[in-house]
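Produce the entire structure from the sequences given, and follow the hints as far as they go.
Line order of the protein sequences matches chains V and U. Numbered continuously in my numbering, the first sequence closes out at residue 364. Numbered continuously in my numbering, the second sequence closes out at residue 317.
Don't take each hint at face value.
No farther apart than 27 angstroms at their CA atoms in a straight line, the calculated lysine-lysine pairs in the BS3-like style are these [claimed, not checked]:
| no. | chain 1 | residue 1 | chain 2 | residue 2 |
| --- | --- | --- | --- | --- |
| 1 | U | K246 | V | K345 |
| 2 | V | K350 | V | K7 |
| 3 | U | K306 | U | K316 |
| 4 | V | K233 | V | K7 |
| 5 | U | K316 | V | K7 |
| 6 | V | K345 | U | K92 |
| 7 | U | K246 | V | K233 |
| 8 | V | K175 | V | K186 |
| 9 | U | K198 | V | K345 |
| 10 | V | K7 | U | K198 |
| 11 | U | K306 | V | K242 |
| 12 | U | K306 | V | K233 |
| 13 | V | K350 | V | K5 |
| 14 | V | K350 | U | K198 |
| 15 | U | K316 | V | K350 |
| 16 | U | K246 | U | K198 |
| 17 | U | K92 | V | K233 |
| 18 | U | K316 | V | K175 |
| 19 | V | K5 | U | K246 |
Now the in silico label distances, taken between C-beta atoms and shown as ranges [what the hints assert, rightly or not]:
| no. | chain 1 | residue 1 | chain 2 | residue 2 | range |
| --- | --- | --- | --- | --- | --- |
| 20 | U | F282 | V | M181 | 32 to 38 angstroms |
| 21 | U | F118 | V | G169 | 52 to 58 angstroms |
| 22 | U | P63 | V | K350 | 54 to 60 angstroms |
| 23 | U | M192 | V | L28 | 41 to 47 angstroms |
| 24 | U | K246 | V | T298 | 41 to 47 angstroms |
| 25 | V | I47 | U | H119 | 25 to 31 angstroms |
| 26 | V | K242 | U | K306 | 46 to 52 angstroms |
| 27 | V | A113 | U | H119 | 49 to 55 angstroms |
| 28 | V | V171 | U | L278 | 45 to 51 angstroms |
| 29 | V | G240 | U | G315 | 29 to 35 angstroms |
These aren't lab readings, by the way, just hints derived from the structure by calculation. For every residue, glycine included, the Cβ atom is placed at its ideal position computed from N, Cα and C.
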Amino acid sequence: MTARKEKIVLPLIAVLLGFVLGSLIVILTGRSPLSMFAAIVKGFSGIDIVNGQPINTRYIGEFIIQAMPIILTGLSFAFASRTGLFSIGAEGQLMIGSISATAVALLVDAPRAVHLPLVLIAGILGGALWGAIPGFLKARYNVHEVVVTIMMNYIALHFNNFVILHIFGSVDRVKTAPFPMSALLKSPFLENITRQSRLNWGFIPVIVAVVLFSFIINKTTFGYSLRAVGYNKDAARYAGMKVSRNIIASMAIAGAFAGLAGAVITVGTFNFGRVIQAAEGYGFDGIAVALVGGNEATGILLAGLLFGGLKAAQPLMQSQGIPREIAGIIQASIVLFVAMKFGIKMVLDKFERRQAPSTEGDRV
Amino acid sequence: MTFELFLQMFPIALMFSAPIILTALGGLFSERSGIVNIALEGIMMVGAFTGATVTVLLENTTPAAAWYGLLAGLLSGVVFSVLHAVASINLKADQVISGTALNILASGLTVYLCQIIFHQQRTRAFSNGIQKFSVPGLSKIPVLGRMFFDQVYPTFYIAIAMVLLTWFVVYKTPLGLRMRACGEHPQAAASMGINVAKMRYFGVLVSGALGGLGGAVMVLTADIQYTLVSIHGTGFISLASLVFGKWNPFGVLGAGLFFGFSTALSFYAKDIPFLAGLPGEFFYILPYLLTIIALLFFAGKSVGPKAAGEIYDSGKR
Numbered sequence: 001m002t003a004r005k006e007k008i009v010l011p012l013i014a015v016l017l018g019f020v021l022g023s024l025i026v027i028l029t030g031r032s033p034l035s036m037f038a039a040i041v042k043g044f045s046g047i048d049i050v051n052g053q054p055i056n057t058r059y060i061g062e063f064i065i066q067a068m069p070i071i072l073t074g075l076s077f078a079f080a081s082r083t084g085l086f087s088i089g090a091e092g093q094l095m096i097g098s099i100s101a102t103a104v105a106l107l108v109d110a111p112r113a114v115h116l117p118l119v120l121i122a123g124i125l126g127g128a129l130w131g132a133i134p135g136f137l138k139a140r141y142n143v144h145e146v147v148v149t150i151m152m153n154y155i156a157l158h159f160n161n162f163v164i165l166h167i168f169g170s171v172d173r174v175k176t177a178p179f180p181m182s183a184l185l186k187s188p189f190l191e192n193i194t195r196q197s198r199l200n201w202g203f204i205p206v207i208v209a210v211v212l213f214s215f216i217i218n219k220t221t222f223g224y225s226l227r228a229v230g231y232n233k234d235a236a237r238y239a240g241m242k243v244s245r246n247i248i249a250s251m252a253i254a255g256a257f258a259g260l261a262g263a264v265i266t267v268g269t270f271n272f273g274r275v276i277q278a279a280e281g282y283g284f285d286g287i288a289v290a291l292v293g294g295n296e297a298t299g300i301l302l303a304g305l306l307f308g309g310l311k312a313a314q315p316l317m318q319s320q321g322i323p324r325e326i327a328g329i330i331q332a333s334i335v336l337f338v339a340m341k342f343g344i345k346m347v348l349d350k351f352e353r354r355q356a357p358s359t360e361g362d363r364v
Numbered sequence: 001m002t003f004e005l006f007l008q009m010f011p012i013a014l015m016f017s018a019p020i021i022l023t024a025l026g027g028l029f030s031e032r033s034g035i036v037n038i039a040l041e042g043i044m045m046v047g048a049f050t051g052a053t054v055t056v057l058l059e060n061t062t063p064a065a066a067w068y069g070l071l072a073g074l075l076s077g078v079v080f081s082v083l084h085a086v087a088s089i090n091l092k093a094d095q096v097i098s099g100t101a102l103n104i105l106a107s108g109l110t111v112y113l114c115q116i117i118f119h120q121q122r123t124r125a126f127s128n129g130i131q132k133f134s135v136p137g138l139s140k141i142p143v144l145g146r147m148f149f150d151q152v153y154p155t156f157y158i159a160i161a162m163v164l165l166t167w168f169v170v171y172k173t174p175l176g177l178r179m180r181a182c183g184e185h186p187q188a189a190a191s192m193g194i195n196v197a198k199m200r201y202f203g204v205l206v207s208g209a210l211g212g213l214g215g216a217v218m219v220l221t222a223d224i225q226y227t228l229v230s231i232h233g234t235g236f237i238s239l240a241s242l243v244f245g246k247w248n249p250f251g252v253l254g255a256g257l258f259f260g261f262s263t264a265l266s267f268y269a270k271d272i273p274f275l276a277g278l279p280g281e282f283f284y285i286l287p288y289l290l291t292i293i294a295l296l297f298f299a300g301k302s303v304g305p306k307a308a309g310e311i312y313d314s315g316k317r
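What follows is the structure, encoded as structure tokens:
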């Protein structure tokens, strides 16, 4: 198989195997995989196979809402990954982005054209700062980024709750006061064309981020030197690249993507700052999205839409009697199969070699 | 801080130390054999879920239900870790990705099964977990008795026993020597006729057993039921303890006690005069913050098994 074909075929096989494994678990626990797939179809399009409902734009709007943050956390994981770093910190960076966005939304008073961009920038900067810390610790003290980013996630969680409860003085101990309209991504137009879904302007910064990711990584000298560090740190250092600076910058930019996700959720999906009980899984979703998308912008966009649809289907599955966690199980299986790509490739190569002589024989 | 308060903290600190020590020892086996295991968190979740479920289901038939729960937790950890072993040893998967997949899988699978078995997002609460006890005689020793032998959970002694057993197996038996060789230089080990794959299976499965036991210990001593947040990062703290303890069983014991105390501190902070004014969130943060600080001081200096995390290529020189 050629390298290019591999990049497309292997993730597809992993996705397929993930769904097969998920279906098996559903069958083993005495539920019907058909109602699971019906729920997934409905989650993507609103088409109800069982009751014969046609396409419904409200469901499309809701599934795009689910896809937006995980495309961004996917970009976050992928960006660090390209520099050879395994960052599990998107979840925490997202929370810090969301608390920064909350602060600007509540404290600044300005017209929408100023206020909304400020809110998004605050989210980006908050996430970038939170990402730069493990980057610095890695570059300066060689502390492994996996453990540090995970610890930073828990710290971000409690810090977020501290700020919401003690600084913004949440009245009901759940959320802050509602944000002013000028801080929101809300769009009556988008709501109207999607039958009052929560769809909002958040998809624009998401698309900008996807394009920017691709541009920085593929078209700039900076991106080239980041990738060089990812391939071989020592060679990059020998070639005169600033390895430490690149590691910190890469983690900060990865954090910026996740921070933007936090802002988009906070002023898009919601209109208030929230107390968070436990990690909401955006970070792990992003890892799955990035791995399936092959750490490439286009792949991440497509994988994000796939997993967004899966997330949107969760409540529909639950109402069919299939525990909603099956979506997480399918997602984890897909990641596991992506990790096993060498093994899958070995099987495919064996299969191809067995096929090859017979086709040549036919020609003769 | 008064000395009395310090003494009071001991039983709680030891309770939190036990699962960290057990799980970190599991990580020691895996990493010494050459496989990085960040799936410890997920393995603990599976062990905790199974431990709690078996305890709930057996409660009405036997008074020793919680002990069966511990055993079931251990076994479930072994079964779950097989996935990591197959992926990273046979299919040459990136060990960090495979471990991450297992962590996501564990959070999905355990809650999924809770919904199937108990029709809710968590297990039913058990009425009795592992019970505290006082060691007859020893608990009467002044000071030391109150620290280590009065109103403690027997799981702490299991953890101590495992530290000694791990030390013996890893440093005093041929098996341990072979396992360590596979973690340092698998090609050299293979050239001496050691079956690298078999040794690594041993390491990963033992880490599954100890991680599963650690998870079950945690839920059956510190909780009343299994929920998605029962483990809340303890597997990763165990991983940090392994680094902090320099991949040595006694180091792990010390690191585990350190993290046990930092968790206990958050429970007693309101009674300590100069800490009482700080908000509760600060103390929730403390164990995680201390983990980073501990890594900061020890990560650069302590060196783990050389080949841990590398995909084994038998042809490499």
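Okay, the hints, checked on the actual structure:
1. K246/U <-> K345/V: It is violated: about 37 angstroms lies between the C-alpha atoms, which goes past 27 angstroms.
2. K350/V <-> K7/V: Judged against 27 angstroms, a Cα distance of about 18 angstroms means the pair holds.
3. K306/U <-> K316/U: Answer holds: K306/U to K316/U is near 15 angstroms, not above 27 angstroms.
4. K233/V <-> K7/V: holds (24 angstroms)
5. K316/U <-> K7/V: holds (26 angstroms)
6. K345/V <-> K92/U: It holds: about 11 angstroms lies between the C-alpha atoms, which stays within 27 angstroms.
7. K246/U <-> K233/V: holds (25 angstroms)
8. K175/V <-> K186/V: holds (19 angstroms)
9. K198/U <-> K345/V: Holds: K198/U and K345/V sit about 23 angstroms apart, inside 27 angstroms.
10. K7/V <-> K198/U: Between K7/V and K198/U the Cα gap is close to 32 angstroms, so the pair fails against 27 angstroms, i.e. violated.
11. K306/U <-> K242/V: The given pair, whose Cα atoms are some 26 angstroms apart, holds under the 27 angstroms limit.
12. K306/U <-> K233/V: holds (18 angstroms)
13. K350/V <-> K5/V: holds (16 angstroms)
14. K350/V <-> K198/U: holds (25 angstroms)
15. K316/U <-> K350/V: holds (23 angstroms)
16. K246/U <-> K198/U: holds (25 angstroms)
17. K92/U <-> K233/V: Roughly 23 angstroms separates the two Cα atoms, so the pair holds.
18. K316/U <-> K175/V: violated (57 angstroms)
19. K5/V <-> K246/U: This hinted pair is violated, its Cα atoms lying about 44 angstroms apart.
20. F282/U <-> M181/V: 32 to 38 angstroms: holds (35 angstroms)
21. F118/U <-> G169/V: 52 to 58 angstroms: Since F118/U and G169/V have Cβ atoms about 37 angstroms apart, the given range 52 to 58 angstroms is violated.
22. P63/U <-> K350/V: 54 to 60 angstroms: holds (55 angstroms)
23. M192/U <-> L28/V: 41 to 47 angstroms: holds (43 angstroms)
24. K246/U <-> T298/V: 41 to 47 angstroms: holds (44 angstroms)
25. I47/V <-> H119/U: 25 to 31 angstroms: holds (29 angstroms)
26. K242/V <-> K306/U: 46 to 52 angstroms: 28 angstroms Cβ-Cβ, so the 46 to 52 angstroms window is violated.
27. A113/V <-> H119/U: 49 to 55 angstroms: Taking Cβ atoms as reference, A113/V and H119/U lie about 51 angstroms apart, which means the hint holds.
28. V171/V <-> L278/U: 45 to 51 angstroms: With Cβ atoms ~23 angstroms apart, the hint is violated.
29. G240/V <-> G315/U: 29 to 35 angstroms: Since the Cβ atoms of G240/V and G315/U sit about 33 angstroms apart, the hinted range of 29 to 35 angstroms holds.
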